[in-house]
Each structure stands twice: as C-alpha cells, then as structure tokens.
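Asker: Sequence:
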Amino acid sequence: MAKKTTQIGWIAGAGMGAAAAAALRRRWGRPQGSSDESRDPDRAATDAGERFLDHLAEAIRIPTVAYEDRSLTDTGQFDRMHALLAEAYPLVHQRLERETVAGHSALYTWRGSEPDLAPILLMAHIDVVPVESGTEDAWEEGPFSGVRSGGYLWGRGAVDDKCAVIGLFEAVETLLAEGFEPVETVYLSIGHDEEIGGGEGAAAVAALLTERGVHVEFVLDEGGAIALDLLPGITEPVALLGIGEKGYLNVELTATESGGHSSVPPRSTAVGKIAAAIIALEANPMPARLSVQKPFFGAIASVLPWAQAMAIRNADRLAPLLVRRLETTPATNALIRTTTAVTMVEGGVKPNILPQKARAVVNFRILPGDAPGDVLAHVRSVVGPEVSVAPLEGGFAADPSPLSDIGSVAFGLIADTIAEVFPGVAVAPWILMGATDSRYFAPIADNVYRFAPFTASPADMTRIHGTGERFPIDDADRVVEFFQRLIRRAAG
Numbered sequence: 001m002a003k004k005t006t007q008i009g010w011i012a013g014a015g016m017g018a019a020a021a022a023a024l025r026r027r028w029g030r031p032q033g034s035s036d037e038s039r040d041p042d043r044a045a046t047d048a049g050e051r052f053l054d055h056l057a058e059a060i061r062i063p064t065v066a067y068e069d070r071s072l073t074d075t076g077q078f079d080r081m082h083a084l085l086a087e088a089y090p091l092v093h094q095r096l097e098r099e100t101v102a103g104h105s106a107l108y109t110w111r112g113s114e115p116d117l118a119p120i121l122l123m124a125h126i127d128v129v130p131v132e133s134g135t136e137d138a139w140e141e142g143p144f145s146g147v148r149s150g151g152y153l154w155g156r157g158a159v160d161d162k163c164a165v166i167g168l169f170e171a172v173e174t175l176l177a178e179g180f181e182p183v184e185t186v187y188l189s190i191g192h193d194e195e196i197g198g199g200e201g202a203a204a205v206a207a208l209l210t211e212r213g214v215h216v217e218f219v220l221d222e223g224g225a226i227a228l229d230l231l232p233g234i235t236e237p238v239a240l241l242g243i244g245e246k247g248y249l250n251v252e253l254t255a256t257e258s259g260g261h262s263s264v265p266p267r268s269t270a271v272g273k274i275a276a277a278i279i280a281l282e283a284n285p286m287p288a289r290l291s292v293q294k295p296f297f298g299a300i301a302s303v304l305p306w307a308q309a310m311a312i313r314n315a316d317r318l319a320p321l322l323v324r325r326l327e328t329t330p331a332t333n334a335l336i337r338t339t340t341a342v343t344m345v346e347g348g349v350k351p352n353i354l355p356q357k358a359r360a361v362v363n364f365r366i367l368p369g370d371a372p373g374d375v376l377a378h379v380r381s382v383v384g385p386e387v388s389v390a391p392l393e394g395g396f397a398a399d400p401s402p403l404s405d406i407g408s409v410a411f412g413l414i415a416d417t418i419a420e421v422f423p424g425v426a427v428a429p430w431i432l433m434g435a436t437d438s439r440y441f442a443p444i445a446d447n448v449y450r451f452a453p454f455t456a457s458p459a460d461m462t463r464i465h466g467t468g469e470r471f472p473i474d475d476a477d478r479v480v481e482f483f484q485r486l487i488r489r490a491a492g
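With the working numbering, letter number 421 in the sequence shown gets 421, and the count goes up by one each step, no holes.
Keep in mind that the hints are not guaranteed to be accurate.
Below, a list of computed lysine to any residue pairs in the SDA-like style, where the Cα atoms sit at most 20 Å apart [said to hold, decoys possible]:
| # | residue 1 | residue 2 |
| --- | --- | --- |
| 1 | LYS350 | GLY259 |
| 2 | LYS357 | TRP306 |
| 3 | LYS350 | ARG488 |
| 4 | LYS350 | SER408 |
| 5 | LYS350 | VAL271 |
| 6 | LYS357 | ALA371 |
| 7 | LYS350 | ARG489 |
| 8 | LYS357 | ILE278 |
No lab work stands behind these hints: they were computed from the structure. None of the values given here were measured: they were computed from a predicted structure.
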C-alpha cells in the first residue's frame, strides 16, 4: 500500500449515517484476544491453505522491489513473478483472457455468461517497498526468505500485497477446478508500481477499460483488514472496510534572506523564519470535523465500553468534548482532520554563514471534505507573507477519493462475506490514511472498496513497510475462502 502511515493507518470511517452503519454490523461470538496471543504456531492449514502458503512463500522470494528512482528497479523480477503465477495457476491462464499492460502489469478477464450485467473488478499488486539498507539483520527471518516460523510466514510483501495476489489466484483456480462459471464478468487487475504511485500500471489498466467503455459495479482493492486492539477499550476484532482514501499533498515552505556573516545577523534569519512557520503550523492544524466519521463511530459503538459508547452516540451534543479527547493521540487525531506533518527541513551551509535560503516540506493527509486548495490557503494564512508556500514540485499528490456507498448491495455482499469468514467481527466503514491503486478506477466504478482478509494489531501494522513484515498462518484458509465466497456471491 503506497504512502501509508503505520500508527494511524488503522483508524477512520466515513459515509452515511450511524443508523445505516449500525445495521451493517455483524457479531457472532468470535473468541477474543490480541494478535500474538491468538496465534497457534501448530495450527495446520487445509490443502487450499497449504497451497496458498507455499505459493506465497515463493512469491516473497522474488524481490519485486519498486524504487522511486526507476533506474534502480529490476523489472526482470516482475517477469519472474508473472511466470510464477502462470506456472502455479494453469487453469487461470488457460480459461481467463490475460493482457500485459504497461510492460509489467496484467489484466485478466473472466467472461460472464450475461455480458450485459455490470462486471466486478478485484485488484492487487506484485511490487513491494525496499528493505532499508542496514536493517536486514533486525528481521526475525530474512526479508525475502519466505520462511514459516512462530505462526507466521515472513518476508517483504507478505501482507502488502502478495497475500492478496496469491489469495485471488488460489480462489479463482479453485473455482475453475470446481466448474464454477460466473454470470457477471470478473476482472483481475494486477499492478506493478503501486508502491510508487501506480501511475504506470493501474492507471494504464483503468485507461484501457475506460477506452473500452467498461463500467464496473464495484472495485475491491487492499486497504482494510481485521483490526485487533483497534482502540483503547475495544477488545473485539473489527473489520475495517474501506470506503474512501484521504488525499495527499506535500507543501514546500521557502524563506530567503540576503545572507552574510553570522556576526551581524538580522532579527530573523531564513532558518528562523522557517522555524517560526513550522511552529505556527503545528500550533494551528486544520479544523476538526466529526461529521465524516459518523458511520465509523456508529459501527464501533457496539464494541466500546458503555461510557465511551454513550459519548459516541451523543456526538452531536458532545462534539467539543469528543474533539478534545480525540486530539490527544496521533491515531485518533487523524480520524477527524487533515493532518500536518513536517517531514523535511533544509538550510545553511556553514556555522558562521547566514543562509540565503531555507526550506521545509510539510506533508498533509487530506480528509474528505477538504481539498488541496483549502490546505494551501490554510498554510498561507498561518505562516504569513515572509514565507512562500507552494505544492512540492514533482511530488506525489492525490485528492481525497469519493466516498463509496455503505448502503449499496456491493457493500452488503462484502460485509456479509467478511462475517461468514471471520465470525464475530464487527464491520466498520472507514477511510484509508494512504493512497492505493484503486483511486484510478473511481471514474469507471459505481463504488470502490478496500479490504484484505487478514488479522493484525497496531504493532503488526508497524511491520508493513518496516522491519519484520509477516503474514499470520492462521489466516491462510480465510484468505482463499474470502475471495471464493465473494466471487460466488457477487458474480454467481
């Protein structure tokens, strides 16, 4: 998943009213417990789960790393990955139409018996982020080892996003072997550059489908998961079913001065002006808004302690109190506003020389309802006229996505499938903090949703894009079962 945070990547929700969200909750008595406590290292997967784990391990051992500097990317690894898929899933490659797109992405078409019905599109990506140089020895198992130990399968891409790639193909291969024939057409879009923005792969697939006049009922991509220990007081697992994404904008602040010798400084140097601007921005964040979170709060109220649930249910009357409470931690603050994060500062070349220029880069994750123009206007009003403000040239940027309908048939299908595969899980609509390839398909889809069928705690999520990424072996059967059931429900 591209451009994603770790601590706040779990938490957010938006869409329709709390009553609608409450109607979508599913709670069927799943045992409680944190992620590590609930893992059974000796639990045996079924034959389907074993095949999934074997193929996922093979996929992890292919280092399909996508670098921001394209010249560093070994595209031959993408070819190896596609060759693995072709070898491991012969029925998929015999029965589905496969097209190579943009060199290393792929579009599979599983024709339905009723071509006039709206198709569905399921997505995943084969690329992974780099392993930071010098951290390899900090991994419990090698970053591209694909080793099973301690109840996990280890390696870069284990959950982001090769588990979805392999899960999709295992499900389709099994359905084909069972003789299943879809009524609606099913598309599989497999990207190769999601971690660096998806501007070549997924964007090209979406453009190809647009050119052909394809409009799909829904898209399902990565983004949500089964969250353990979601918030303080919540002891039950919660399925976060993404209905939208925050936007992304990097803003560059620049201050200039005449320079000179440090023995005769002005009242404020270029560095001082940038420092003052940073302090002002951190002290004056974008306004908080609770309204966009009503469906999420409505869904989790049933698993909160009584006092917290009552506060959530009376959010309109207790808004100021709730905002103050939610602002106290980074995770919950990100629920309710466009966030401000100063990520880069530069200025000065020598201790005794006044810098002629200083700059900073500030990253904003834009809550739906705000726009990049709102962010720029806010920054200019806060930092004042002595600091210039502009979007970072050449930087990645994305508007907040449209919010998909939580009252749609598709949302209900996905939520019901989650409840069947993960009994006892409450389903909550949420907004993803990062950007995924799914945003390219919004113009050709009624709704775009985001969910991957695996369980993780906040500590597990810090491993994604970090050290020690791993997939829980307990979930091997569930990944395949989820995609099988969903395809049968949506296209059968």
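Asker: The structure should be examined with respect to each hint, and the outcome stated for every one.
Answerer: Hint by hint, here is what the structure shows:
Of the supplied pair hints, the one linking LYS350 and GLY259 holds, its CA atoms being roughly 12 Å apart against a limit of 20 Å. Under the criterion of a C-alpha separation no larger than 20 Å, the hint pairing LYS357 with TRP306 is inconsistent with the structure, at around 54 Å. As the CA atoms of LYS350 and ARG488 are separated by approximately 66 Å, the hinted pair breaks the 20 Å bound. Only pairs whose Cα atoms come within 20 Å are accepted, and LYS350 paired with SER408 is rejected, the gap being roughly 61 Å.
Between LYS350 and VAL271, the direct Cα distance comes to roughly 13 Å. Compliance with the 20 Å bound is thereby established for this hinted pair. Between LYS357 and ALA371 the alpha-carbon distance is near 29 Å, which puts this suggested pair outside the 20 Å criterion. For the given pair, LYS350 sits about 66 Å from ARG489 by alpha-carbon distance, which is inconsistent with the 20 Å threshold. Among the hinted pairs, LYS357 with ILE278 is consistent with the structure: their alpha-carbon atoms are about 15 Å apart, no more than 20 Å.
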